[in-house]
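Asks: Chains as they are written, first to last, in the numbering used here: chain A, 1 to 242; chain B, 1 to 242.
Honestly, the hints are just simulated from the structure, not real lab data.
For clarity, every value in this text was computed on a predicted model and none was experimentally measured.
Warning: the hint list may mix true and false statements.
Quick list of in silico lysine-lysine cross-link-like pairs, DSSO-like style, CA-CA up to 27 angstroms [as the list claims (entries may be wrong)]:
| id | chain 1 | residue 1 | chain 2 | residue 2 |
| --- | --- | --- | --- | --- |
| 1 | A | K105 | B | K13 |
| 2 | A | K24 | A | K143 |
| 3 | A | K24 | A | K225 |
| 4 | B | K105 | A | K105 |
| 5 | A | K13 | A | K143 |
| 6 | B | K41 | B | K105 |
| 7 | A | K179 | B | K105 |
| 8 | B | K105 | A | K125 |
| 9 | B | K179 | A | K143 |
| 10 | B | K42 | B | K143 |
| 11 | A | K42 | A | K125 |
| 12 | B | K143 | B | K24 |
| 13 | A | K143 | B | K105 |
| 14 | B | K179 | A | K105 |
| 15 | B | K179 | B | K31 |
| 16 | A | K105 | B | K42 |
| 17 | A | K42 | B | K105 |
| 18 | B | K125 | A | K105 |
| 19 | A | K105 | B | K41 |
| 20 | A | K13 | B | K105 |
| 21 | A | K105 | B | K143 |
| 22 | A | K41 | B | K105 |
| 23 | B | K143 | A | K179 |
Number of protein chains: 2
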Amino acid sequence: MLQQPDATLYEGKAKILYATTDPKVVIQEFKDDLTAFNAQKKGTFFGKGAINCQISATLFRLLAEKGVPVHFRSLDSPRRMVIDRLEMVPLEVVVRNRVAGSLTKRLGIPEGEELSFPVIEWYYKRDDLGDPMVNRDHIRILKLASDAVLDEIRTLALRTNEILLPFYRERGLILVDMKLEFGWNSSGSLVLGDEIDGDTSRLWDAGTGEKLDKDRFRMDLGSVKEGYEKIYERVVGHAVES
Amino acid sequence: MLQQPDATLYEGKAKILYATTDPKVVIQEFKDDLTAFNAQKKGTFFGKGAINCQISATLFRLLAEKGVPVHFRSLDSPRRMVIDRLEMVPLEVVVRNRVAGSLTKRLGIPEGEELSFPVIEWYYKRDDLGDPMVNRDHIRILKLASDAVLDEIRTLALRTNEILLPFYRERGLILVDMKLEFGWNSSGSLVLGDEIDGDTSRLWDAGTGEKLDKDRFRMDLGSVKEGYEKIYERVVGHAVES
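Please model the complete structure; the sequences and the hints are all you need to start from.
Replies: Printed below as a string of structure tokens:
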């Protein structure tokens with residue numbers, strides 16, 4: 001099943017996709033780079049790619065076991081995973097359990113407040129536009145996805161949240177919110193893609209309330225690496241090997 | 001039916017509401033002030049209040065004739081109308097027929113492009129937050145309106161658009177978009193409130209494409225008064241008396 005990378009298909013801010021000899025399969029490599037505010041702020045730390053790759057692999061395996069269709073196939077190396085090649089839906093789906101980030105300003109509710117149900121938001125994946133929030137009418141106008149596909153994505157996103165919330169809770173982590181992306185694999189199935197880790201999720205220590213995710217980097221809180229390592233330890237189940 | 005104003009109930013950026021001796025009825029007075037960008041930009045011109053009041057009165061009468069429930073009862077003076085006292089739904093409903101304003105940046109589509117169907121957007125009426133765009137989940141969290149009420153508002157907003165589009169078209173005006181507000185009157189009916197004019201609608205000359213609405217003020221295009229007067233002439237049916 002493992003393939004050698006032979007060509008860069010796509011290089012993004014935090015990941016590189018390599019083609020393999022199987023057109024249905026690609027390798028997703030996690031970079032050590034960190035970006036925020038639409039790549040206006042940049043950073044890096046050695047090992048971040050491997051940490052996020054293994055957190056994502058653990059969570060994708062868990063989700064697959066629970067019946068959520070995912071792109072993940074196997075780990076290829078500490079920072080590379082073999083995944084289904086997807087045609088992505090150009091939307092980011094944000095699932096929120098507590099108020100943080102842009103939602104504090106949008107609703108005028110203090111950070112940390114628990115939401116009475118998970119809130120879903122759609123963002124149009126367009127770096128040049130700053131990934132704006134969109135509603136269903138906008139999505140229809142842009143023909144990004146049909147209503148039926150949006151309903152399916154919403155259901156999968158909420159199911160993913162239902163699975164991850166208790167998983168994190170049992171490990172002393174609060175899942176504040178997360179960004180998910182979906183795409184179509186070569187069999188025509190809609191599956192969860194991208195990554196799930198401290199780059200794309202807000203995770204707080206349940207005991208201290210300490211932010212452990214990319215907000216440490218965004219907000220210049222320091223100890224960015226240590227935050228990611230704490231997420232790794234709780235999710236993967238052992239300390240990061242150095 | 002006419003009442004003397006005896007107390008200011010509310011003073012907004014462009015209108016003042018006065019209580020009357022009938023608790024079910026208020027007087028809505030249109031100010032000559034113009035504001036934009038959440039009142040960071042301010043202006044005024046003599047007669048603007050009367051122009052907008054009479055445009056709104058004409059449009060509310062038309063909508064009422066066509067079966068849309070409205071707050072409007074009668075004109076009290078050139079810049080004052082007698083209306084149902086409403087408990088407002090704290091949402092602005094924007095109906096868009098063409099791309100303009102914030103939608104150009106949100107979707108990356110050039111200004112003026114026709115939308116294949118009218119797009120609805122919801123904004124949370126909160127000056128201190130800058131009236132942010134919200135989706136149905138946000139509205140549910142904030143308990144601003146039930147899903148049934150949102151559906152009813154959406155239907156009324158689209159019906160209003162269906163009535164006004166040909167009305168304007170026959171008068172050489174393109175209705176690019178408009179902001180509507182709804183509220184509950186003393187009988188518990190949901191009715192269209194606020195105002196409908198060049199302050200709250202984008203209206204372009206169908207022949208020349210010239211902007212005639214508040215965008216002249218927002219964008220420093222000059223001849224703001226002349227733009228509003230052109231809208232008045234087309235909608236009310238005769239020139240502004242000076």
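Asks: Are the Cα atoms of K24(A) and K225(A) separated by 27 angstroms or less?
Replies: Roughly 34 angstroms between the alpha carbons, so the hint for K24(A) and K225(A) is violated.
Asks: What's the verdict on K125(B) and K105(A), does the C-alpha distance respect the 27 angstroms limit or exceed it?
Replies: holds (13 angstroms)
Asks: Can the restraint linking K105(A) and K42(B) be considered satisfied, given a maximum Cα separation of 27 angstroms?
Replies: OK: K105(A) and K42(B) at ~24 angstroms, within 27 angstroms.
Asks: Are the Cα atoms of K179(B) and K105(A) separated by 27 angstroms or less?
Replies: holds (22 angstroms)
Asks: Could you grab the alpha-carbon distance between K42(A) and K125(A) and see if it respects the 27 angstroms cut-off?
Replies: holds (19 angstroms)
Asks: Taking 27 angstroms as the top limit, are the C-alpha atoms of K24(A) and K143(A) close enough?
Replies: Distance ~25 angstroms between K24(A) and K143(A) Cα, so the pair holds.
Asks: Does the alpha-carbon distance linking K13(A) and K105(B) stay inside the 27 angstroms limit?
Replies: Given pair K13(A), K105(B) holds - Cα atoms ~22 angstroms apart, limit 27 angstroms.
Asks: Assess, step by step, whether the Cα of K143(A) is no farther than 27 angstroms from the Cα of K105(B), and give holds or violated.
Replies: holds (17 angstroms)
Asks: Within a Cα-Cα threshold of 27 angstroms, do K105(B) and K125(A) meet the stated pairing?
Replies: holds (13 angstroms)
Asks: Quickly compare the C-alpha distance for K179(A) and K105(B) to 27 angstroms and report which way the hint goes.
Replies: Holds. K179(A) to K105(B) sits at ~22 angstroms (cutoff 27 angstroms).
Asks: Is it true that the CA of K42(B) sits at most 27 angstroms from the CA of K143(B)?
Replies: violated (32 angstroms)
Asks: Between K105(A) and K41(B), is the straight-line Cα distance small enough, at 27 angstroms or below?
Replies: Measuring from Cα to Cα gives roughly 22 angstroms; hence the hint holds.
Violation of the numbered hints given earlier is confined to hints 3, 10; the remaining hints are satisfied by the structure.
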